[in-house]
Amino acid sequence: MDRREFIKHSTFFSIGGLLIPSALLSSCRKETLFEDINFGGNVIIIGAGAAGLYAGYILKSKGIDFKIIEASNNIGGRMGKLAGFADYTIDTGAQWLHGKNNILFDLIKSKNVKTTLDESELSYWFNNQIVTSLPKDPFIFEEENLPDVSFKDYADQKGFGNEYDNIVEAIAGDQGASASLLSAYWNSKDEENWVSGDEDYKFQKSYFEVIEEHIAQPILNKIVLNTPVQSIDYSSDKIIVRDVNNVSHLADKVIITIPISILKLNEISFNPSLPPEKTEAFAKFGMGPGMKVFLKFSSKFYADALYGGSICGAYVNDTLGKLTSDNVLLAFVMGDQAAYLHSLGSDTAITNALLQELDLIYSGQATTSFIASRVFDYTSKPFIKGAYGFSTINMGNAREIAALPVDKKLYFAGEAMNTNGHHQTVHGAVESGYNAVIKFLNDSKK
Amino acid sequence: MSLKRLYGLSLLILSISAPAQELKLDLSYKYIYSNQWDKIIQTYNFSRPFLTKMQPLLMSGLNTSLSYIFKNEKHFKHGINLSYSYFRSSAENENFNNSLNLHFINLGYLLHYENPDKWKGVYSELIVSATSSGLFRNLNGEPFEYDETKSKAFGIGGDIHLKCGYYLKLKNNSYLSPFLSIGYTPYLYSPNTEAVINQTKGLISKNWTGILTTQIGLTFHIEKQTNDLPNKGIR
Chain A
1 MDRREFIKHS
11 TFFSIGGLLI
21 PSALLSSCRK
31 ETLFEDINFG
41 GNVIIIGAGA
51 AGLYAGYILK
61 SKGIDFKIIE
71 ASNNIGGRMG
81 KLAGFADYTI
91 DTGAQWLHGK
101 NNILFDLIKS
111 KNVKTTLDES
121 ELSYWFNNQI
131 VTSLPKDPFI
141 FEEENLPDVS
151 FKDYADQKGF
161 GNEYDNIVEA
171 IAGDQGASAS
181 LLSAYWNSKD
191 EENWVSGDED
201 YKFQKSYFEV
211 IEEHIAQPIL
221 NKIVLNTPVQ
231 SIDYSSDKII
241 VRDVNNVSHL
251 ADKVIITIPI
261 SILKLNEISF
271 NPSLPPEKTE
281 AFAKFGMGPG
291 MKVFLKFSSK
301 FYADALYGGS
311 ICGAYVNDTL
321 GKLTSDNVLL
331 AFVMGDQAAY
341 LHSLGSDTAI
351 TNALLQELDL
361 IYSGQATTSF
371 IASRVFDYTS
381 KPFIKGAYGF
391 STINMGNARE
401 IAALPVDKKL
411 YFAGEAMNTN
421 GHHQTVHGAV
431 ESGYNAVIKF
441 LNDSKK
Chain B
447 MSLKRLYGLS
457 LLILSISAPA
467 QELKLDLSYK
477 YIYSNQWDKI
487 IQTYNFSRPF
497 LTKMQPLLMS
507 GLNTSLSYIF
517 KNEKHFKHGI
527 NLSYSYFRSS
537 AENENFNNSL
547 NLHFINLGYL
557 LHYENPDKWK
567 GVYSELIVSA
577 TSSGLFRNLN
587 GEPFEYDETK
597 SKAFGIGGDI
607 HLKCGYYLKL
617 KNNSYLSPFL
627 SIGYTPYLYS
637 PNTEAVINQT
647 KGLISKNWTG
657 ILTTQIGLTF
667 HIEKQTNDLP
677 NKGIR
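First to last, the sequence lines map onto chains A and B.
Position 190 of the first sequence, counted from 1, bears residue number 190 in the numbering used here, the numbering being contiguous throughout.
The numbering used here runs 446 ahead of the 1-based position in the second sequence.
Calculated from the structure, these hints are not laboratory results.
Remember, it's a predicted structure, so these values are computed and weren't measured experimentally.
Incorrect hints may appear among the rest.
Stated by the list, open to error - Examples of chain B residues lying across from chain A (beta carbon under 8 angstroms, computed):
(1) Asp593
(2) Ser597
(3) Phe600
(4) Gly604
As the list claims (entries may be wrong) - List of simulated lysine-lysine pairs, DSS-like, C-alpha gap at most 27 angstroms:
(5) A:Lys408 to A:Lys67
(6) A:Lys222 to B:Lys499
(7) B:Lys652 to A:Lys278
Said to hold, decoys possible - Far from chain A by the CB rule (all over 10 angstroms, computed), these chain B residues:
(8) His549
(9) Asp563
(10) Lys617
(11) Tyr635
For each residue, glycine too, the CB sits at the ideal point set by N, CA and C.
Chain A extracted, bound-state conformation:
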């Protein structure tokens, strides 16, 4: 072979040898999952919270038949809105987007939704005075190799005296937990996969409305409200979901997005029973009481964010990022403090207890400028019964086990089932929702 010939051949083989396989490989490499999926079955999603709505939103985008069955009379789960109380729409449930490196930030950015970075300076009610710094930094729960003891016990071990109790309670309250129940070790393990960022964002309109408009709206006709599910029979090919009206709904796959509190209480019966390791895993979760109380005042006498009340761990200015001239203070009450307020039995008693504490902190200004309040007690909501799931002592891999599908028929989603560090958040619930869809489509591959 002479040189000219060799060049001709080598050029031909080079281009053919590389580009043809590359082109073939490229054509095999799809840009999305299940591009050629042919799932002809139907799906029932139980629960119309963020996880259930997003699972439905994904299924609709893939052209898969589904129905969402919701026990209560509204969508959103632990999200909701209150109009008319102030001159802006209040988020009665989740209201912060925690971090911006997450799927919901992508959504709001693409939809041009207005947000504000919450840069509230944190103050503390400490030794009967308001301070902006503490003698010891109480944010000690993100270190590595923490012991598997409660936040409270760990703070004690680190030499934080009783004067820090309410501050530690407020920090645990951020996780929806009592400081005496939240595991320092397992909570820090959960945090290892947190990649969303530490900045909190608030929405100019409500968070609920954003989810409602961009995720729920396209699938509203697929949602059945006021339909609590009583039992799920997955003993045969078709799964039978029976509601309290004794109506049976048939499905090939079921995505269960109800709160972990409801699963722990076995309020839905399963046939056959769920595997024991599953129910044991549910039992290991904590889900404590939670309450949000909105207090409207004629003047803003309070700090933007204050930790350390004995009745309420965290008081937060609710109007940040809103177009409003009203003064609304949010009492964010979790764990033992929420249990105490819940035990008072009435919204008036709860409001009075909070005003009494605010009067103590702000020298009587609360009562004199008080206009109105609204209490949202998630503990008393029959289909929620708490704030959000948290990791208790000896939690182990309960979250991973709880999130596992059963028999390639039942799939679990919701904030507590997020196994990638984003539990207790709306974006974490959304991730668990799309992940449940991915799991069942993978299982449905022939």
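Based on these hints, arrange chain B on the given structure of chain A.
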């Protein structure tokens, strides 16, 4: 140190390497395949139906490399190789122009083989190198930042490449050679990749990946003028 600076510094170090017998500069098209990274981008696209234009897979890029051959045996030569590759994936949606920029720098040992008696003008090379990668996300033309830091994932691993080419003489001691190359990175530890692309960690992928590559390109050679150099069989 920025990638450009590192590359510049490496060039400078190499340019003063007196013992060099041959300098080679490559420019090539590079095709890359990582199953893990595909899965992450596919999940990103699957989970975001609100973005009408999908994020393309990281697939095609450009590579440039510089090699110095130090020793001159009959058929085998040894040298070092420094290479840089760049890949980009961009999807322009309304209000949301998301792009991923992936960089690789490899530094490795090169074994060059040619046997003009058997294969006139043909050579092959085996390159074993350490590889480092950097993945960055841009949103609407700006580096995507959260908590006041750029969204980024760095990686480190090992790579092996096999390259075949053919010399075309240009002038005295300078050659141009078209080449083909295949490469394999069995292990690239890059634990933050999923966090940059899909904004999750531990949901889709492992914290490392294997990568397959192919390349087609041209090499420009300059040879030191000495009498003891074997010709390439094409003089």
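Worksheet item: Is the interface hint for Phe600 of chain B satisfied, with its Cβ closer than 8 angstroms to some Cβ of chain A?
Response: violated (15 angstroms)
Fill in: 27 angstroms Cα cutoff - pair Lys652 of chain B, Lys278 of chain A
holds (25 angstroms)
Worksheet entry | Consistency of the no-contact label for Lys617 of chain B, given chain A and a CB cut of 10 angstroms | The claim stands: Lys617 of chain B keeps its Cβ more than 10 angstroms from every Cβ of chain A (closest is about 17 angstroms).
Fill in: Non-interface claim for His549 of chain B, where every Cβ of chain A lies beyond 10 angstroms
holds (20 angstroms)
Worksheet entry | Interface hint for Gly604 of chain B, Cβ within 8 angstroms of any Cβ on chain A | violated (23 angstroms)
Worksheet item: Minimum Cβ separation between Tyr635 of chain B and chain A greater than 10 angstroms?
Response: Its Cβ never comes within 10 angstroms of chain A, the nearest being 17 angstroms, so this holds.
Fill in: 10 angstroms cut-off, C-beta based - Asp563 of chain B kept clear of every residue in chain A
holds (15 angstroms)
Worksheet item: Does Lys499 of chain B lie within 27 angstroms of Lys222 of chain A when you go C-alpha to C-alpha?
Response: holds (26 angstroms)
Item to complete: Have a go at the Ser597 of chain B hint: is there a Cβ in chain A nearer than 8 angstroms to its own Cβ?
Response: This interface hint holds because 6 angstroms falls under the 8 angstroms limit.
Practice prompt. Classify the hint on Asp593 of chain B as holds or violated, based on whether any CB of chain A lies nearer than 8 angstroms to its CB.
Written response: holds (5 angstroms)
Worksheet item: Is the Cα-Cα distance between Lys408 of chain A and Lys67 of chain A 27 angstroms or less?
Response: holds (18 angstroms)
Figure legend: structure checked against the earlier numbered hints; hints not met, in rising order: 3, 4.
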